[in-house]
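Start from the sequences, fold in the hints, and give me the full structure.
Each protein sequence line maps, in turn, to chains B and A.
If you're matching positions, the first sequence starts at 11 in the working numbering and goes up one per residue.
If you're matching positions, the second sequence starts at 9 in the working numbering and goes up one per residue.
Derived by calculation from the structure, the hints in this document are not laboratory data.
There may be inaccurate statements among the hints.
What the hints assert, rightly or not - Below are the BS3-like pairs computed for lysine-lysine, each with C-alpha atoms no more than 30 angstroms apart in a straight line:
1. B/Lys18 to B/Lys69
2. B/Lys35 to A/Lys131
3. B/Lys35 to A/Lys838
4. A/Lys14 to A/Lys148
5. A/Lys152 to B/Lys88
6. B/Lys73 to A/Lys869
7. A/Lys131 to B/Lys44
8. A/Lys29 to A/Lys209
9. A/Lys131 to B/Lys30
10. A/Lys123 to B/Lys63
11. A/Lys19 to B/Lys44
12. B/Lys88 to A/Lys123
13. A/Lys528 to A/Lys497
14. B/Lys38 to A/Lys131
15. B/Lys44 to A/Lys838
16. A/Lys724 to A/Lys555
17. A/Lys404 to B/Lys63
18. B/Lys69 to B/Lys12
19. A/Lys77 to A/Lys123
20. A/Lys547 to B/Lys88
21. A/Lys77 to A/Lys32
22. B/Lys69 to B/Lys38
23. B/Lys44 to A/Lys126
24. B/Lys88 to A/Lys497
25. A/Lys497 to A/Lys838
26. A/Lys77 to B/Lys73
27. A/Lys131 to B/Lys29
28. A/Lys497 to B/Lys63
29. A/Lys126 to B/Lys88
30. B/Lys63 to A/Lys120
31. B/Lys88 to A/Lys148
32. A/Lys555 to B/Lys88
33. A/Lys152 to B/Lys69
What the hints assert, rightly or not - So the derived label-pair ranges between C-beta atoms look like this:
34. B/Glu20 to A/Val334: 51 to 59 angstroms
35. B/Lys88 to A/Ser440: 40 to 48 angstroms
36. A/Arg443 to B/Ala77: 19 to 27 angstroms
37. B/Ala89 to A/Arg175: 32 to 40 angstroms
38. B/Lys35 to A/Tyr825: 40 to 48 angstroms
39. A/Lys120 to B/Ala77: 46 to 54 angstroms
40. A/Arg828 to B/Lys35: 38 to 46 angstroms
From the three backbone atoms N, C-alpha and C, an ideal C-beta is built for every residue, glycine too.
Residue-level listing of the chains:
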Amino acid sequence: MKKEDIQKHELVPSHIILKKEEVEKLLKTYHITKAQLPRILIDDPVVVAIGAKEGDVLKIIRKSPTAGISVSYRVVSKAVL
Amino acid sequence: MITPSKKEIDKIVFSVLSPEKIRKMSATRIITPDTYDEDGFPIEMGLMDTRLGIIEPGLRCKTCGQRVKDCPGHFGHIELAMPVIHVGFAKMIYAILKSTCRGCGHLLLDEKEIKRLKGLHEKIVERGENTSYLIKEVVKRTGKVSACPHCGRDKLKVEFDKPTTFREGGHKMTPAEVREWLEKVSEALGDNLRLLDINPKVARPEWMVLTVLPVPPVTTRPSITLETGERSEDDLTHKLVDIIRINQRLQENRDAGAPQLIVEDLWELLQYHVTTYFDNQTSGIPPARHRSGRALKTLAQRLKGKEGRFRSNLSGKRVNFSARTVISPDPNISINEVGVPIKIARELTVPVRVTPLNIEEMRELVKRGTNPKPPIGVTYIPGVNYIIRPDDRRIKVTDENAETVAERLEVGSIIERQLQNGDIVLFNRQPSLHRMSMMAHKVRVLPYRTFRLNLAVCPPYNADFDGDEMNMHVLQTEEARAEAEILMKVQEHILSPRFGGAIIGAIHDHISGCFLLTYKNREFSRDEAIYILSAAGYKGAVKGSMKGKEIFSRVLPPELNLEYTAKACIGCEKCLKEKCPYDAYVIIKNGKLITGAIDEKSIGSFKGEILEYIARKFGNDAAREFIDRVTKLSVAAIMIIGFTTGIDDEDIPEEASLQIREQLDKATEKIQQFIKAYNEGELEQIPGRSLEETLEMEIMRVTGRARDYTGEIASKHLGMDNSAVIMARSGARGSMLNLSQMAGCVGQQAVRGERIHRGYGGRTLPHFKKGDLGAQAKGFVSSSYKRGLNPTEYFFHSMGGREGLVDTAVRTSRSGYMQRRLVNALENIKLERDGTVRATSGEVIQFVYGEDGIEPMKSIKGKATSISLLLKEVEHE
Ligand SMILES: [Mg+2]
Ligand SMILES: [Zn+2]
Ligand SMILES: [Zn+2]
Ligand SMILES: [Zn+2]
Numbered sequence: 011m012k013k014e015d016i017q018k019h020e021l022v023p024s025h026i027i028l029k030k031e032e033v034e035k036l037l038k039t040y041h042i043t044k045a046q047l048p049r050i051l052i053d054d055p056v057v058v059a060i061g062a063k064e065g066d067v068l069k070i071i072r073k074s075p076t077a078g079i080s081v082s083y084r085v086v087s088k089a090v091l
Numbered sequence: 009m010i011t012p013s014k015k016e017i018d019k020i021v022f023s024v025l026s027p028e029k030i031r032k033m034s035a036t037r038i039i040t041p042d043t044y045d046e047d048g049f050p051i052e053m054g055l056m057d058t059r060l061g062i063i064e065p066g067l068r069c070k071t072c073g074q075r076v077k078d079c080p081g082h083f084g085h086i087e088l089a090m091p092v093i094h095v096g097f098a099k100m101i102y103a104i105l106k107s108t109c110r111g112c113g114h115l116l117l118d119e120k121e122i123k124r125l126k127g128l129h130e131k132i133v134e135r136g137e138n139t140s141y142l143i144k145e146v147v148k149r150t151g152k153v154s155a156c157p158h159c160g161r162d163k164l165k166v167e168f169d170k171p172t173t174f175r176e177g178g179h180k181m182t183p184a185e186v187r188e189w190l191e192k193v194s195e196a197l198g199d200n201l202r203l204l205d206i207n208p209k210v211a212r213p214e215w216m217v218l219t220v221l222p223v224p225p226v227t228t229r230p231s232i233t234l235e236t237g238e239r240s241e242d243d244l245t246h247k248l249v250d251i252i253r254i255n256q257r258l259q260e261n262r263d264a265g266a267p268q269l270i271v272e273d274l275w276e277l278l279q280y281h282v283t284t285y286f287d288n289q290t291s292g293i294p295p296a297r298h299r300s301g302r303a304l305k306t307l308a309q310r311l312k313g314k315e316g317r318f319r320s321n322l323s324g325k326r327v328n329f330s331a332r333t334v335i336s337p338d339p340n341i342s343i344n345e346v347g348v349p350i351k352i353a354r355e356l357t358v359p360v361r362v363t364p365l366n367i368e369e370m371r372e373l374v375k376r377g378t379n380p381k382p383p384i385g386v387t388y389i390p391g392v393n394y395i396i397r398p399d400d401r402r403i404k405v406t407d408e409n410a411e412t413v414a415e416r417l418e419v420g421s422i423i424e425r426q427l428q429n430g431d432i433v434l435f436n437r438q439p440s441l442h443r444m445s446m447m448a449h450k451v452r453v454l455p456y457r458t459f460r461l462n463l464a465v466c467p468p469y470n471a472d473f474d475g476d477e478m479n480m481h482v483l484q485t486e487e488a489r490a491e492a493e494i495l496m497k498v499q500e501h502i503l504s505p506r507f508g509g510a511i512i513g514a515i516h517d518h519i520s521g522c523f524l525l526t527y528k529n530r531e532f533s534r535d536e537a538i539y540i541l542s543a544a545g546y547k548g549a550v551k552g553s554m555k556g557k558e559i560f561s562r563v564l565p566p567e568l569n570l571e572y573t574a575k576a577c578i579g580c581e582k583c584l585k586e587k588c589p590y591d592a593y594v595i596i597k598n599g600k601l602i603t604g605a606i607d608e609k610s611i612g613s614f615k616g617e618i619l620e621y622i623a624r625k626f627g628n629d630a631a632r633e634f635i636d637r638v639t640k641l642s643v644a645a646i647m648i649i650g651f652t653t654g655i656d657d658e659d660i661p662e663e664a665s666l667q668i669r670e671q672l673d674k675a676t677e678k679i680q681q682f683i684k685a686y687n688e689g690e691l692e693q694i695p696g697r698s699l700e701e702t703l704e705m706e707i708m709r710v711t712g713r714a715r716d717y718t719g720e721i722a723s724k725h726l727g728m729d730n731s732a733v734i735m736a737r738s739g740a741r742g743s744m745l746n747l748s749q750m751a752g753c754v755g756q757q758a759v760r761g762e763r764i765h766r767g768y769g770g771r772t773l774p775h776f777k778k779g780d781l782g783a784q785a786k787g788f789v790s791s792s793y794k795r796g797l798n799p800t801e802y803f804f805h806s807m808g809g810r811e812g813l814v815d816t817a818v819r820t821s822r823s824g825y826m827q828r829r830l831v832n833a834l835e836n837i838k839l840e841r842d843g844t845v846r847a848t849s850g851e852v853i854q855f856v857y858g859e860d861g862i863e864p865m866k867s868i869k870g871k872a873t874s875i876s877l878l879l880k881e882v883e884h885e
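Here you go:
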């Protein structure tokens, strides 16, 4: 079976890996540490598809029923068990 | 007085009590099951031993030497003849037994695996996360092992029979054997106990099998003396008596060398008593009962559930400065006010500090005493109940001492003044499902015994006056009062955060009144106009007779411009707007109502366009004033016009009745045709449905249409001169469906969305032939409510009605629990000043609140702005 590119599916929002400077800027604007960001599991299909590593911060651009387009950030992290 | 503790809590560690610890903290060993001797004095080493603390005034505690008030009570202990399992730890014990070797006590894992798990454990601790999941992993992994990798002993299957029995390889283990095993485990594992989620510094597995039982202080289980002089003991004491009795018998039998069987029976009985002492609702064993048959309330029951310590005493508490009584309506007070009965006002107080500036005033107040006689023409003046002197002494003001206390009043005292008009209080009706369930009101002290509230605030509280009660809380500090006034006052909640519209607004007769006033622009004489306008507090002049729309316009803000369709709009194909024949197109220009009748869509709660617009455009003060005025205006109008409804509102002419009959007969005939077609196999099947389903659907369609037709016929003969129609069309109360059911035909009754089919074999009731699929036999009610239902119809109607009742009952309990879980999950989440939504330690939940950052209360139906509204506004300028 041919492997589909899940990122092309309309229900999958776009995930972009942030550059180091961008991450620093993000943490600074919100006065937070990486641990306070929402998490995304390292074996999440999107993470696998874009090849993000543990500790990477993803910028997620979603369609939103209230705002039209909404931007959110998640840090890639390993599951404990 | 209570001296504040100087110690600060840094952390709390939960552990398991060791037998040594239990003995060490014990004031005495308890050996006799008796409590008091013949003289009513506590027996030494009995359950009420005075070393365990005292409950009678006058005595001194033998342990700490203090009196009732100061002695905190002290633990005792019982030495158990044989060990027993602690039910609370049974699950944990099971997990340990399953994952360890009975021979050597080691984990049933090889060194490599243990090392790996230890690494994992460290990582979890590092992250500050919950380590309790690890034990599940350990148990899972050891389950695959067949022999001990350390000593080679075969692993036998360990079984757990709830609540307290363990078996190894099918053989029942005594608690003593379990304890031996656990001892081996703590010996062998040492620090590796952490893998089983046990901190070896504070807990050892074998302590989960009890050899010593702590006896709680008497202060936690006080006995009460009944009026007859008889003593009644606490449930815990009863249970402890049982434990000691059996413990004694077990010891005697064992020491006397009684047969093994007898000893084992007694041992099991002791286990039963200890188990029920901890939790009397343990599944698998019958609850211990009182002589009267009532189940005993033991330790777990004291803590668990809605009536338990946590939910009833720690999360929730009884409060002072509060009152509860029945509510009743008062259209003459503002929505911001609450009417408080004099009796309640005299009981509840506000603390006022005496200063050099107000001392004379306060003196006068104190002089009045607790029940001052108001001057003529006034119904109530506040008095003073208590004075708190600067030395913290509390003095009750009485009629006798009022004069002297007032003379001696000094600066720095606090007087507890009775409620007076204008005091800020919180007013609440349960269930408190949203923030509008508790709002701040200003007090209006009134005669009689009920709380009075304006009808426009009924919707947010979901209150009516069929016996509803509400609670009132008097605020005690200046900060609280300021906060309540700014954030919680009723007028601050006219717009609901739920849907960005007005939740406070006119209901029932207010809507009928405004509708009658403005519909088709009725004319009022000068006297009538003056009566109506003065009721609304209008101060301007009335020159001559006035039209209804003109009268209504006088309470509108002069700068108001609005245009919308009213509730009465029937959605004509092409809207004629201002020329609408039903007067259902509202145009307000510069505060003048030009066309359209005012109904639910204009001023009603949940819908009121005018309310919403005024609140947003002119502020909450203006909105409050508008609501207060418009409700009074409409009440005056409806009184001038006159309004009543009765069953004769559903009278329809003979010919209409005949038409309805005709329609119903036609429907019955049509149904018969369908049944015939079905029986002859000629019914055309709907795709995806069985033949039976097709028939049912066709019949349901016919009966539905029949009801609609009859409703149409009925409403054709019920015009806008009919009170019931006026209420339905204006949205005041009832619907056209209600009317057509009363005048025309009630229609098909359904259970679970299907025609009624249950009952006797092959038929719904014995009145019908078996297999009858006709309308009447399957719950079609062709009578109207007014004509009355025949017995079979009445029965079917009850079936449908019962389903409705059950549904609501189930829905409320389910949604209540769902709300509780939601609130518990979300209560710590907070909107921060930077617009992010965060959990307690600053974790981001949303980067922008609601993704769009819009406060729903300030939104226009959930949106930041409304383009169409903006355009209209520009147009007018
Ligand atoms: Mg009620
Ligand atoms: Zn004491
Ligand atoms: Zn072993
Ligand atoms: Zn229209």
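Okay, the hints, checked on the actual structure:
no., hint, in the structure
1, B/Lys18 to B/Lys69, "holds, 17 angstroms"
2, B/Lys35 to A/Lys131, "holds, 29 angstroms"
3, B/Lys35 to A/Lys838, "holds, 24 angstroms"
4, A/Lys14 to A/Lys148, "violated, 47 angstroms"
5, A/Lys152 to B/Lys88, "holds, 26 angstroms"
6, B/Lys73 to A/Lys869, "holds, 20 angstroms"
7, A/Lys131 to B/Lys44, "holds, 17 angstroms"
8, A/Lys29 to A/Lys209, "holds, 14 angstroms"
9, A/Lys131 to B/Lys30, "holds, 25 angstroms"
10, A/Lys123 to B/Lys63, "holds, 26 angstroms"
11, A/Lys19 to B/Lys44, "holds, 26 angstroms"
12, B/Lys88 to A/Lys123, "holds, 20 angstroms"
13, A/Lys528 to A/Lys497, "violated, 37 angstroms"
14, B/Lys38 to A/Lys131, "holds, 27 angstroms"
15, B/Lys44 to A/Lys838, "holds, 19 angstroms"
16, A/Lys724 to A/Lys555, "holds, 28 angstroms"
17, A/Lys404 to B/Lys63, "violated, 73 angstroms"
18, B/Lys69 to B/Lys12, "holds, 28 angstroms"
19, A/Lys77 to A/Lys123, "violated, 55 angstroms"
20, A/Lys547 to B/Lys88, "violated, 73 angstroms"
21, A/Lys77 to A/Lys32, "holds, 25 angstroms"
22, B/Lys69 to B/Lys38, "holds, 15 angstroms"
23, B/Lys44 to A/Lys126, "holds, 26 angstroms"
24, B/Lys88 to A/Lys497, "violated, 49 angstroms"
25, A/Lys497 to A/Lys838, "holds, 22 angstroms"
26, A/Lys77 to B/Lys73, "violated, 64 angstroms"
27, A/Lys131 to B/Lys29, "holds, 27 angstroms"
28, A/Lys497 to B/Lys63, "violated, 53 angstroms"
29, A/Lys126 to B/Lys88, "holds, 18 angstroms"
30, B/Lys63 to A/Lys120, "holds, 28 angstroms"
31, B/Lys88 to A/Lys148, "holds, 21 angstroms"
32, A/Lys555 to B/Lys88, "violated, 75 angstroms"
33, A/Lys152 to B/Lys69, "violated, 43 angstroms"
34, B/Glu20 to A/Val334: 51 to 59 angstroms, "holds, 58 angstroms"
35, B/Lys88 to A/Ser440: 40 to 48 angstroms, "holds, 43 angstroms"
36, A/Arg443 to B/Ala77: 19 to 27 angstroms, "holds, 24 angstroms"
37, B/Ala89 to A/Arg175: 32 to 40 angstroms, "holds, 36 angstroms"
38, B/Lys35 to A/Tyr825: 40 to 48 angstroms, "holds, 44 angstroms"
39, A/Lys120 to B/Ala77: 46 to 54 angstroms, "holds, 52 angstroms"
40, A/Arg828 to B/Lys35: 38 to 46 angstroms, "holds, 41 angstroms"
Checked against the numbered hints given earlier, the structure breaks hints 4, 13, 17, 19, 20, 24, 26, 28, 32, 33 and satisfies all the rest.
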